[in-house]
Structure formats: C-alpha cells, structure tokens
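> With the numbering used here as the guide, the letters of the sequence shown map in order to residues 10 to 68.
Hints may contain errors.
[Claimed, not checked] Have a look at the derived ranges for each label pair, beta carbon to beta carbon: (1) R64 / D12: 22 to 32 Å; (2) L40 / E19: 19 to 29 Å; (3) N13 / M49: 11 to 21 Å; (4) L47 / R22: 36 to 46 Å; (5) K50 / E30: 16 to 26 Å; (6) G54 / A15: 17 to 27 Å; (7) A29 / K50: 13 to 23 Å; (8) R33 / E57: 20 to 30 Å; (9) A16 / R51: 32 to 42 Å; (10) L25 / E65: 34 to 44 Å; (11) K61 / D12: 23 to 33 Å; (12) M60 / R33: 16 to 26 Å; (13) S11 / K68: 35 to 45 Å.
Derived by calculation from the structure, the hints in this document are not laboratory data. For each residue, glycine too, the CB sits at the ideal point set by N, CA and C.
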Amino acid sequence: MSDNDAALKEKTRAILLELAEPERRLLSAVLRVERDHLHMKRPHGIKEALMKAVREVLK
C-alpha cells in the first residue's frame, strides 16, 4: 500500500466518523440497497429501493 492509499483511507475514515446519526443511517441504507442489487447486470428496481431507503431514514 502506498502512502497515497494510506492517506486516502485515513481521510475516508475521518469523514465517516464525523457523520451524524441520520447521515450514517442513510449511508448504511444506500450501501445495503447497492449490495442487494450488485449481482444484477441491470439492477431492476434499484431507484425505487433507494427512494424507499431515503424515505425510511427521513421519517
């Protein structure tokens, strides 16, 4: 791992640690939806799933 990769990882980690709880829940929900649709060549229904995840977090 180069110094640049290590610096990028550390910067990413710092940003993620600074997220507020709603932001953290939204990120988690979006990543879950993306992971659930990752195996699909053309992920049918991903837009609806993302919108549903956003609505749930905003409640």
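> Against each hint, give a clear statement of whether it holds in the structure.
Against the structure, the hints come out as follows:
Taking 22 to 32 Å as the suggested C-beta distance range, the pair R64 and D12 does not conform, at roughly 42 Å. The hint said 19 to 29 Å for the Cβ distance between L40 and E19, and at roughly 20 Å that hint holds. Take N13 and M49: their Cβ atoms lie about 33 Å apart, and the range 11 to 21 Å is violated. Distance hint check: the CB atoms of L47 and R22 are about 23 Å apart, inconsistent with the given range 36 to 46 Å.
A beta carbon spacing of about 35 Å between K50 and E30 contradicts the range 16 to 26 Å that was offered as a hint. As the Cβ distance of G54 to A15 is approximately 38 Å, the hint placing it in 17 to 27 Å is violated. Under the hint 13 to 23 Å, the C-beta atoms of A29 and K50, about 35 Å apart, miss the expected range. Between R33 and E57 the beta carbons are some 23 Å apart, a value that agrees with the proposed interval 20 to 30 Å.
The hint said 32 to 42 Å for the Cβ distance between A16 and R51, and at roughly 36 Å that hint holds. Separation of L25 from E65 is about 20 Å and departs from the stated range, judged on CB atoms against 34 to 44 Å. Taken as a hint, the range 23 to 33 Å is violated for the pair K61 and D12, whose Cβ atoms sit roughly 41 Å apart. Distance hint for M60 and R33: a CB-CB separation of about 19 Å, consistent with the stated range 16 to 26 Å.
For the pair S11 and K68, the beta carbons lie near 43 Å from each other, so the given range of 35 to 45 Å is met.
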